[in-house]
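Undergrad: Each chain, letter by letter, is given below.
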Amino acid sequence: MANVTLKVNGETRSASVPPETTLLRLLRDQFNLTGAKLGCDVGDCGACTVIVDGQPVNSCLMLVGQVEGREVLTIEGLATADHLHALQKLFEHFGSLQCGFCGPGVILSAKALLDENPDPSTQEIRDALGGNLCRCTGYTKMIEAIKGAACILRGEEVPAVKSA
Amino acid sequence: MAEKPKVIEKPDVLEQPDILKPPAVAPLVTFPIEVVVPEVRQQTPAVGQRATRADGRLHGLGQTKYIDDMYFPNMLFAKIKRAGVASARIKSIDTKEAEAMPGVVAVITGSDIPCNSFGPSLKDQPVLADTRVFHAGDGVAAVAAVTEQIATEALEKIKVDYEVLTPVLDPLESLKLATPGVHAPSANIYGHKVIKKGDVEKAFAESDHVFEGSFRTQMVEHVPLEPYACIAQWDANGRVTIYSTLGRITLGRADVARTLGIPMSRIRIVATVVGGNFGGKNEIRAEPAMALLSKKTGRPVKCVYTRAEEFTSSTTRHPLIMDYKTGVTKQGKILGRKIRLVLDGGAYCSWSETTLGKACILSAGPYNIENLYAEAFVVYTNKTMTGAMRGFGAPQVCFAYESHMDDIAKALGIDPLEIRLLNAFDEGSLSPTSQKLHSVVVKESLLRAAKRFGWNGIGNGTGNGNGA
Amino acid sequence: MKRRGRGMACMWYPIGFTVAANPSAAVVKVNEDGTATLLTGTVETGQGSLTILAQITAQELGIATDDVHVVSADTDATPMDTGAIASRTTYVTGNAARMAAEKAKLILFDVAAPLLGVKATQLEAQDHKIFVKGFPQRNMHIGDVANHARVVSGQPPIGSASFNPETLALDPETGQGKPFGTYVYATQIAEVDVDDETGEVEVLRVVASHDCGTAINPMLVEGQVEGGVAMGIGFALEEEMLFDANGRHINPNLTNYIVPTSLDTPEIEVDIVDSYDPTGPFGAKGVGEPTLVPTAAAIANAIYDAVGVRITSLPATAEKVFKALQAKREQQPKQIGTGAPPAAGASNNAAVQ
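Protein chains in written order, with the working numbering: chain A, 1 to 164; chain B, 1 to 468; chain C, 1 to 353.
Any given hint could turn out to be false.
[Unchecked claim] Quick list of in silico lysine-lysine cross-link-like pairs, BS3-like style, CA-CA up to 27 angstroms:
id	chain 1	residue 1	chain 2	residue 2
1	C	Lys133	C	Lys119
2	B	Lys443	C	Lys178
3	C	Lys178	B	Lys333
4	B	Lys197	C	Lys119
5	C	Lys178	B	Lys436
6	C	Lys2	B	Lys451
[As the list claims (entries may be wrong)] A few chain A residues that don't get close to chain C, going by computed Cβ distances all over 12 angstroms:
id	residue
7	Met1
8	Glu11
9	Ala15
10	Val17
11	Pro19
12	Asp29
13	Gln30
14	Gln55
15	Leu63
16	Glu68
17	Gly100
18	Val106
19	Asp115
20	Glu157
The hints are simulated quantities; they were obtained by calculation from the structure and are not laboratory data.
Quick reminder that beta carbons are idealized off the backbone N, C-alpha and C, glycines included.
Could you put the whole structure together from the sequences, leaning on the hints where they help?
TA: This is the structure we're talking about:
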């Protein structure tokens, strides 16, 4: 068994698990943070994306030994006690999620992007989401929402959506 | 209102004692205090509003509980052993070594299923293959263990003795009646449909030009982000509750009742949250097997398909072979059309009858054609079972009839938009089955799309693009 | 060199099952404050059906979307439903929900009529009020009526209904008959760049003009079209399940079975065609499956427009397009200077009789 201690959503957490346990399983099975999903378990789909020390990673590809002492942000840690994060607000407003399964991963990839690049172009957004598969939405409304969230975070007005 | 992005601070490695301190108190709320009902959901009249989805907020918070997110006390995890051979007779299955593994609580095979067949129309699909394997993804045994890891390892210990048979993989081979039946003694052709109106040969004789085209489409899979999953558990009154990703719970309950031989009143199927379906979750998969494992062990049993199983062991889209022959006037008016469709019907019928019917009915396209002969066949092959997938044959035949239409347009030197407007349905047109159509807007959709796109008439037909 | 092309495809698609009965049942209960609960056996698979059904129920009762709570997908608690399949939910389950809401509403009208001094047939429900047609000032809040119904009249406002599309069996020999209650229509136009050296196809833009009858929720219709076009692009260009000579799967994984990512999907423009179907709930039909039906054809036609090769089998991978380009080059006689396009009718796949 391997002992691991890390910060998850600002809180120090510990667990004792077999060393081959992935970060994904640690979060889901040990800490009951089921927002990160198991879509393929081999890093192809991005449904397990979480942010580790500021970088978006496929948590199914990280072993617990690699997260010792690090800071992990999951979808459960994005909203504060008072507010939804701008991304969560706009994903809801624009109808960017349908079945929702890819949602936590996409939102965290977007957050990592906006933390680094507060005014991304459409292509930069597409690049940032390139590792997150979505089968329901065609990504269009996600890109609109991310652009809108970037506006909010920069303190600007969100442009009106063009409807059919 | 500007919101500063959260800043994550890296832990200072010299501050080891901090990491060992008791954990900081987590936020006590499970959702932000600022929970407002969006304005758009409070508007009347309700129809026509861009109302946001109630589940949209939960999705964004990561609070939506899919089946794999659900845990029950004493729950076991199940995995299914896949045949790995496309066609075989099962001579014997030895589960003793698997059953003896520490952590394995129960193993079942097809012979444990009281009524081992189901299907939306033909009941040719087994819950677990017991005497014959018809495709490489067929399940032959199911294991329930205390962890998923142990269940997966136990699958290796199950010994199956196969008499491997030659698989039939090409639907055109399967169509030849001389080929040994995949489901012998039943014929390979398990569905046939004809739509006939007018006199198509006469129409060809009267046509200025007759064009032919052959098209094929491939087998594809739904790839829902959420793999298929279910959890089964019983209560002391002999009632089973099955949480499932099933898209049709009324049918699912009937199938579970039939395969397990229990009354419907003893079955509860719950399917409240699904991560994508697209047709691939529209019949039962492992529900009866999980119910049996749960009954045998007295504990809840969860089964989640691996991504590989989604491809090998859930339904797929029918590959189609489509032959078209169309007679037209020199102005491009269609006088007659003859179509032959061969559907690769995979290992089991599943939703093939529906797909056959729809593909055949839709195959002529949204066009006024008075003389039509469309014939469609669906045949067994030893590949993954083909079933319902978004469109039921329509995307395949549309690829054929619209490619064919452009070929005709080019040959006649007519704008693809014009030839479609010349032939398309109007309000009150008769369909290929002579149904009077209402609320018809195909021409409107053509004109609107062309306008929005900026379709500038017969710029094409040269076969040479404009270049970038 | 990249060559640009555009292609169109139109389609028709039915709503519901082929001839066979595919009913849905629904129950609507109005609470004592005028909000309501809808019970439906359908399954929300991501398409947003529960929101649509809430909107339909709310419309019938004259209340708002958020006033309707939807309980779904439990064989113990919800009435039967044939399922989330064949693009039938808005049309079939929607009709059932509307009819169930109407029955609950009629109980409210029966209760309100004597209180407003009119006959029940003279009443309407809108904006949370039940009022006399033509005299909106003579009204009661729906909550007051609902409360009165339970507490005074002893008639809880609850309605239960089912709907099944009208069809006629197909003749076994000629296939003639009325297999579906209604159909939807659409056109998609795709613009692509084809690299004539590698065969790679890039979809730049898709305009999708779709009929769904009345759009109960245009935002959700757009979402379905955008998702469907993305799936159509995968079908057209990337996806294929491969088997070896023994029938074993070669690529049962997402590494080698390619589905469209955000980098593969283009700008998708959605246009909703004005249409009204009197047989659907408030004129609605459906939209789930039709969205991917014409995409592959539009792309194949665009490839033809761009580089003059007719791909007759899907997926139109770069290898396939490349081989077709090579074959075309070998067929064409060398032309010096003119660069004239090949004669019409010379395409590989059109045989003139």
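Undergrad: Confirm or reject each hint.
TA: Hint by hint, here is what the structure shows:
This hinted pair checks out: Lys133/C and Lys119/C have alpha carbons roughly 11 angstroms apart, not beyond 27 angstroms. Taking the CA atoms of Lys443/B and Lys178/C, the gap is near 22 angstroms; set against the 27 angstroms cutoff, the hint holds. With a CA separation close to 25 angstroms, the supplied pair Lys178/C and Lys333/B stays within the 27 angstroms bound. For a cut-off of 27 angstroms, the pair hint linking Lys197/B to Lys119/C is broken: about 53 angstroms separates their Cα positions.
Taking the CA atoms of Lys178/C and Lys436/B, the gap is near 8 angstroms; set against the 27 angstroms cutoff, the hint holds. Taken as a hint, the Lys2/C and Lys451/B pair is honoured in the structure, with Cα atoms around 25 angstroms apart against an allowance of 27 angstroms. The Cβ of Met1/A sits about 30 angstroms from the closest Cβ of chain C, beyond the 12 angstroms cut-off, so the non-interface label holds. Non-interface status of Glu11/A relative to chain C is upheld: no Cβ of that chain comes within 12 angstroms, the nearest being about 32 angstroms off.
With a minimum CB-CB distance of about 29 angstroms to chain C, Ala15/A clears the 12 angstroms threshold, and the non-interface call stands. Residue placement check: Val17/A keeps its beta carbon more than 12 angstroms from all beta carbons of chain C (closest about 26 angstroms). Remark: the non-interface label on Pro19/A is consistent with the geometry, its nearest Cβ contact in chain C lying 25 angstroms away (cut-off 12 angstroms). Separation of Asp29/A from chain C is adequate, the least Cβ-Cβ distance of about 23 angstroms exceeding the 12 angstroms criterion.
Annotated as non-interface, Gln30/A keeps its C-beta farther than 12 angstroms from every C-beta of chain C; the closest such distance is 26 angstroms. Every beta carbon of chain C lies more than 12 angstroms from that of Gln55/A, the smallest distance being close to 19 angstroms; the non-interface claim holds. Every CB of chain C is more than 12 angstroms from the CB of Leu63/A (nearest about 20 angstroms), matching its label as outside the interface. Consistency note on Glu68/A: stated as away from chain C, and its beta-carbon is indeed over 12 angstroms from all of that chain's, at 29 angstroms minimum.
A Cβ of chain C approaches the Cβ of Gly100/A within 12 angstroms, the least distance being about 7 angstroms, so the stated non-interface status is violated. Against chain C, the non-interface label of Val106/A is violated: not every CB pair exceeds 12 angstroms, the least being about 9 angstroms. Every C-beta of chain C lies more than 12 angstroms from that of Asp115/A, the closest at about 19 angstroms, which supports listing it as non-interface. Every Cβ of chain C is farther than 12 angstroms from the Cβ of Glu157/A; the closest lies at roughly 20 angstroms, confirming the non-interface assignment.
Hint check: violations occur at hints 4, 17 and 18; the rest are consistent with the structure.
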